[in-house]
Amino acid sequence: MAGSRGRGRTQFSFSVDALGFGRGDSLPSTAHTPSPLFPPMQFRPVPLHAGEEVDYMLALKQELRASSKNLPFHIKAARTKTDVARYSDKYQNGEPKNNCIEWSPDWSRMPKELCIKVRKPRKTVIGAKPQLTRKPKVAAGKEEVLQKLETLEKREEEQHSEEEEDEEKKKQNEEEEEPDADEEYDEEEIEDETDYIMSYFDNGEDFGADSDDNMDEAVY
Amino acid sequence: MTAQEVRLCGLLLQEHFGDVVEKVGTHLIRSGVLTLRALAHETKLPLDLVKKSLCVLMQHGMCAFGAGRRGPAGPVEYHIICERILHMLRYPRYIYTAKSLYGDTGELIVEEILQRGQMTMSSTVKTVADRLTHNMPEGQSMDYSEVVSAFSRLVETHFLQRCPPLASAESSSSGEVNTPLPAVTKHTEPEDHPECYKLPYINLTGQGKRRRSSEDGEAEQRAAKKAKTDNSERGDEGIYWQVNFQRFHLHFRDQAIINAVSCKLDQTSGEIVRTMLRMSEVTTSAHAAFTQALSANEIFRALPSSYNIARPILDQYLTLLVDDPMEFVGKTGDSGGGMYVVNLHRALANLARATLESVVQERFGSRSARIFRLLLRKRHLEQKQVEDFAMVPAKEAKDMLYTLLSENLVQLQEIPKTPDYAPSRTFYLYTVNQLPTARLLLQRCYKTVGNLIERRLYETKENKRLLEKSQRIEAILASLQATGAEAEQLTEVEEMITAPERQQLESLRHHINKLDSSENQVDETIFLLESYINSTQAPR
Numbered sequence: 001m002a003g004s005r006g007r008g009r010t011q012f013s014f015s016v017d018a019l020g021f022g023r024g025d026s027l028p029s030t031a032h033t034p035s036p037l038f039p040p041m042q043f044r045p046v047p048l049h050a051g052e053e054v055d056y057m058l059a060l061k062q063e064l065r066a067s068s069k070n071l072p073f074h075i076k077a078a079r080t081k082t083d084v085a086r087y088s089d090k091y092q093n094g095e096p097k098n099n100c101i102e103w104s105p106d107w108s109r110m111p112k113e114l115c116i117k118v119r120k121p122r123k124t125v126i127g128a129k130p131q132l133t134r135k136p137k138v139a140a141g142k143e144e145v146l147q148k149l150e151t152l153e154k155r156e157e158e159q160h161s162e163e164e165e166d167e168e169k170k171k172q173n174e175e176e177e178e179p180d181a182d183e184e185y186d187e188e189e190i191e192d193e194t195d196y197i198m199s200y201f202d203n204g205e206d207f208g209a210d211s212d213d214n215m216d217e218a219v220y
Numbered sequence: 001m002t003a004q005e006v007r008l009c010g011l012l013l014q015e016h017f018g019d020v021v022e023k024v025g026t027h028l029i030r031s032g033v034l035t036l037r038a039l040a041h042e043t044k045l046p047l048d049l050v051k052k053s054l055c056v057l058m059q060h061g062m063c064a065f066g067a068g069r070r071g072p073a074g075p076v077e078y079h080i081i082c083e084r085i086l087h088m089l090r091y092p093r094y095i096y097t098a099k100s101l102y103g104d105t106g107e108l109i110v111e112e113i114l115q116r117g118q119m120t121m122s123s124t125v126k127t128v129a130d131r132l133t134h135n136m137p138e139g140q141s142m143d144y145s146e147v148v149s150a151f152s153r154l155v156e157t158h159f160l161q162r163c164p165p166l167a168s169a170e171s172s173s174s175g176e177v178n179t180p181l182p183a184v185t186k187h188t189e190p191e192d193h194p195e196c197y198k199l200p201y202i203n204l205t206g207q208g209k210r211r212r213s214s215e216d217g218e219a220e221q222r223a224a225k226k227a228k229t230d231n232s233e234r235g236d237e238g239i240y241w242q243v244n245f246q247r248f249h250l251h252f253r254d255q256a257i258i259n260a261v262s263c264k265l266d267q268t269s270g271e272i273v274r275t276m277l278r279m280s281e282v283t284t285s286a287h288a289a290f291t292q293a294l295s296a297n298e299i300f301r302a303l304p305s306s307y308n309i310a311r312p313i314l315d316q317y318l319t320l321l322v323d324d325p326m327e328f329v330g331k332t333g334d335s336g337g338g339m340y341v342v343n344l345h346r347a348l349a350n351l352a353r354a355t356l357e358s359v360v361q362e363r364f365g366s367r368s369a370r371i372f373r374l375l376l377r378k379r380h381l382e383q384k385q386v387e388d389f390a391m392v393p394a395k396e397a398k399d400m401l402y403t404l405l406s407e408n409l410v411q412l413q414e415i416p417k418t419p420d421y422a423p424s425r426t427f428y429l430y431t432v433n434q435l436p437t438a439r440l441l442l443q444r445c446y447k448t449v450g451n452l453i454e455r456r457l458y459e460t461k462e463n464k465r466l467l468e469k470s471q472r473i474e475a476i477l478a479s480l481q482a483t484g485a486e487a488e489q490l491t492e493v494e495e496m497i498t499a500p501e502r503q504q505l506e507s508l509r510h511h512i513n514k515l516d517s518s519e520n521q522v523d524e525t526i527f528l529l530e531s532y533i534n535s536t537q538a539p540r
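These protein sequence lines are chains A and B, in that order. Using this note's numbering, the first residue of the first sequence is number 1, and each one after it goes up by one. Using this note's numbering, the first residue of the second sequence is number 1, and each one after it goes up by one.
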């Protein structure tokens, strides 16, 4: 690299005045702070396109966004219960569960390992009726009655422990019988052989869950 | 995948599918290829949630699976197809195009299939008929046959295609339960399947059902029961349809070229180019650099009858188009009155170049834009030459060049005179490379859209309470109106929102609309730059 140093006067390929500042001028001041996060803009941006087409696409976009929240593809993790297990848990519904999927994909097009239980959208069940038809007719005779009561008890236990599968089977049976009659019953009212409407089982977790800051109106 | 692309994909997944899918998706994009167990372990999510997310992603064609590194005997590996996630940004444009080409029916068909990922023809027809019936006045309903005909037209013009089947052709005979999986490396295009655009024969007659209130329970029950039994006779089980994004992109590209020609020359030239593109739609492949050669005679015959221009005028227009420096149309021969082609790749390159120039102009001023255009045209220029050609004083030229250099829009090329790169004996040339600059700008666009989405989420979060309050009040108003309340009650409810709150809501809506609109507009630039960059890559 020692090359031609000192062989002659050094010649620069550019002349000093082409540098943009003269001899005596001071160099621009050094920067002491990083450049500002939002530097003032020299040129304002051009206004957005306007027109019917643009407005329509804007409306489409907002609609798509809103409707995609209601589709079963929008997956919410199930809330982990940090509390004690409660009696009302049995009647809480509508919460997404982790181990079932809310729509039925074509499993033949997907690898086997992804297959999980499909949860049918919870149709309201006329709980009382099929159960009555399933319950064996109470026969005359005390011993038989006692025996029947015992089997009923056992059966109820089984039902409580495998509630979901039963409901699914029930629903499948009912779908074949009366597909749409169920929808007319108010979901609030009848569920799983209780006499109370569903809001009876609200355990107050959702009350006041929304943010309370800066609320003008008092809460009683 | 670049960092900006990953960030944007994450935001889009979160918006449409929620946090869980976003977490799974971004992790899978970053890792490349993973098995189910590894994915669950690394994201620390429960296995079931990971399975659900993968199902959602696969339903929408964003995730693909294949035999892993250990061959067909080992666990399945999954990978994400990033560009499908980025297409979500463009859904409104696809739907609007379908509407402009095929009316409301086409629009709803494309919207349903886009939202659900893939659907069978029968379920699409039923859902769309129901939706259309819902919007029609009482007593009318949409017939299935109309929807079927709209669907067929979409398939004929290749806007919809069948989902590719799993490659189970080489299923081994040794009683394996699982269908053998395609190798991860093999990339099957949906168009490789010969029946890609064949409509299945389905037995579908009927009309759209209107969703009635519970008074009509009886009729509904019977109709619904009939629908259930019809299900088994549908005849197209297992044939799923998806939107053919490539076809839509070709359509957008053609539209961009026609608009450019109309803007630059005039409406008639735009019509001529539109005719040429329409004639060569079926004969040109997706990656072709130019269309098939068309003779002037053919073009003359194919012009729409509303444009009755004389033959010599057409020839003049064609000559004008050929001589234009944008090089949209080229002449390849003289037979048949002149053979003309539309130069697709060159048109895309010119459109991308115009985009780059306009960006520089809007950001740095018209003189910087002049320097930029000069460098694009003349390739390599020295400092002194830039000043002379651009007719800009030395000091300012220097300033502008250094600003552009710091933004990486302009590069410096050193040409040494001697083997030691002594600064006094080296030429420093400024240059602009169009392709890398386009890539840079594309990444900036992704970042921009990411910023827009985040700002929108921030604005929504800040005003969450106000938005919820207004939604509640709207719901109350709607229910009051449905039950027929008096005007006083309505005004009383409306007054629950105070005037400054109303103003705040109004400005919030205005901001969100502006942000959404900007996203759509940036997406147009993204499309142009992406098409240009893809056209320069050799077809796979």
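To be clear, the hints were calculated from the coordinates, so they are not data collected in a lab. Hints may be right or wrong, so weigh each one.
Claimed, not checked - Below, a list of computed lysine-lysine pairs in the DSSO-like style, where the Cα atoms sit at most 27 Å apart: (1) B/K417 / B/K461; (2) A/K97 / A/K117; (3) B/K461 / B/K447; (4) B/K447 / B/K417; (5) A/K69 / B/K395; (6) B/K469 / B/K447; (7) B/K469 / B/K514; (8) A/K112 / A/K97; (9) B/K198 / A/K69; (10) A/K69 / B/K514; (11) B/K198 / A/K76; (12) A/K97 / B/K384; (13) A/K69 / B/K44; (14) A/K112 / B/K23; (15) B/K447 / A/K69; (16) B/K23 / A/K76; (17) A/K112 / B/K44; (18) B/K384 / B/K464; (19) B/K99 / B/K469; (20) B/K23 / B/K126; (21) B/K464 / A/K76; (22) B/K99 / B/K23; (23) A/K76 / B/K469; (24) B/K395 / B/K378; (25) B/K378 / B/K417; (26) A/K69 / B/K398; (27) A/K117 / B/K395; (28) A/K117 / B/K44; (29) B/K384 / B/K417; (30) A/K69 / A/K97; (31) A/K69 / B/K417.
Here is how each hint holds up against the structure:
no., hint, in the structure
1, B/K417 / B/K461, "violated, 61 Å"
2, A/K97 / A/K117, "holds, 11 Å"
3, B/K461 / B/K447, "holds, 21 Å"
4, B/K447 / B/K417, "violated, 41 Å"
5, A/K69 / B/K395, "violated, 56 Å"
6, B/K469 / B/K447, "violated, 33 Å"
7, B/K469 / B/K514, "holds, 22 Å"
8, A/K112 / A/K97, "holds, 21 Å"
9, B/K198 / A/K69, "violated, 33 Å"
10, A/K69 / B/K514, "holds, 22 Å"
11, B/K198 / A/K76, "violated, 38 Å"
12, A/K97 / B/K384, "violated, 71 Å"
13, A/K69 / B/K44, "holds, 24 Å"
14, A/K112 / B/K23, "holds, 23 Å"
15, B/K447 / A/K69, "holds, 25 Å"
16, B/K23 / A/K76, "holds, 12 Å"
17, A/K112 / B/K44, "holds, 22 Å"
18, B/K384 / B/K464, "violated, 58 Å"
19, B/K99 / B/K469, "violated, 35 Å"
20, B/K23 / B/K126, "violated, 34 Å"
21, B/K464 / A/K76, "holds, 20 Å"
22, B/K99 / B/K23, "violated, 34 Å"
23, A/K76 / B/K469, "holds, 24 Å"
24, B/K395 / B/K378, "holds, 21 Å"
25, B/K378 / B/K417, "holds, 22 Å"
26, A/K69 / B/K398, "violated, 53 Å"
27, A/K117 / B/K395, "violated, 72 Å"
28, A/K117 / B/K44, "holds, 21 Å"
29, B/K384 / B/K417, "holds, 18 Å"
30, A/K69 / A/K97, "holds, 17 Å"
31, A/K69 / B/K417, "violated, 65 Å"
Of the hints listed earlier, those the structure fails to meet are numbers 1, 4, 5, 6, 9, 11, 12, 18, 19, 20, 22, 26, 27 and 31, in rising order.
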